[in-house]
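Produce the entire structure from the sequences given, and follow the hints as far as they go.
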Amino acid sequence: MEAREAGEHIERELMILMRHRELSVPRGSRDGGALDRSAYVLLSRLEVQGPMSIPDFVEAFGLAPSTFTRQTAPLLRDGLVERMLDPDGGVARKFRITEEGAKRLSAQREETVTGLAEVLTDWPTERLRRFVSDLEQFNTDIERLAGRPWPRSAR
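Using the working numbering, the final residue of the sequence shown is 157, and nothing's skipped along the way.
The hints are simulated quantities; they were obtained by calculation from the structure and are not laboratory data.
Keep in mind that this is a model prediction, so the values were computed, not measured.
Heads up, a few of these hints could be off.
Simulated restraints, written as ranges between beta carbons of each label pair [to be verified]: (1) 40 / 90: 24 to 34 Å; (2) 89 / 150: 20 to 30 Å; (3) 98 / 4: 37 to 47 Å; (4) 18 / 93: 37 to 47 Å; (5) 116 / 21: 13 to 23 Å; (6) 136 / 39: 19 to 29 Å; (7) 38 / 126: 16 to 26 Å; (8) 14 / 125: 13 to 23 Å; (9) 80 / 150: 21 to 31 Å; (10) 136 / 21: 31 to 41 Å; (11) 137 / 113: 31 to 41 Å; (12) 134 / 94: 30 to 40 Å; (13) 57 / 116: 30 to 40 Å; (14) 116 / 94: 21 to 31 Å.
By construction, the Cβ of each residue, glycine as well, lies at the ideal position given by its N, Cα and C atoms.
Shown next as structure tokens:
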């Protein structure tokens, strides 16, 4: 299989995977308890990297400042992040995850991990290791090409 053909298959499977992700949010969570995708991603980044300013988000994600202004507003309103002075003395205020934000992120992550474990329960150990390794390599290659590595915590 050539890279182009593999890319076509991967594109389709990623689209289907994202559809499954949207459908996997428990019904009760859809009524306001679940974090939307952007909140989940931003809170996850704050959790692993620590406080970030809007310029930090722009550098990390390569999106416009207005995107993060829009995405952080509901996080602030819901008490999932808070603004703080830059601990390094910079001018820009930084966002940090609150206890409530960490709690909601952890709860949703647990639901996601539980659902994934259910799908993977019958996979042999070696297949699991290979899948995790290949997926991590795929993501790190994308990050390398984009010039935007995602910090990974040692879980």
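Take the C-beta atom of residue 134 and the C-beta atom of residue 94, compute their distance, and say whether it sits inside 30 to 40 Å.
-> Distance hint for residue 134, residue 94 holds at roughly 36 Å.
So the hint says 13 to 23 Å: do the beta-carbon atoms of residue 116 and residue 21 match that?
-> holds, 19 Å
Is the distance from the Cβ of residue 136 to the Cβ of residue 21 consistent with 31 to 41 Å?
-> About 21 Å separates the Cβ atoms of residue 136 and residue 21, which means 31 to 41 Å is violated.
For residue 137 and residue 113, compare the CB-CB distance with the range 31 to 41 Å and indicate the outcome.
-> Violated, at about 20 Å.
Confirm or reject the claim that residue 40 and residue 90 have a C-beta distance inside 24 to 34 Å.
-> Given a distance of about 26 Å, which is inside 24 to 34 Å, the answer is holds.
Kindly confirm whether 37 to 47 Å is satisfied by the beta carbon distance between residue 18 and residue 93.
-> Cβ of residue 18 to Cβ of residue 93: about 45 Å, so the range 37 to 47 Å holds.
Pairwise beta carbon distance, residue 57 to residue 116, judged against the given window 30 to 40 Å = holds, 36 Å
Outcome of range test on Cβ distance (residue 89, residue 150; 20 to 30 Å) | holds, 23 Å
So does residue 38 sit 16 to 26 Å from residue 126, Cβ to Cβ?
-> violated, 35 Å
Range agreement (Cβ of residue 4 with Cβ of residue 98, hint 37 to 47 Å) = holds, 46 Å
Could you see if the CB distance from residue 80 to residue 150 stays within 21 to 31 Å?
-> holds, 27 Å
Falls inside 19 to 29 Å, the C-beta gap from residue 136 to residue 39?
-> This hint holds: roughly 23 Å between Cβ atoms.
The structure fails to meet hints 7, 10, 11 and 14 from the earlier list, while all remaining hints are met.
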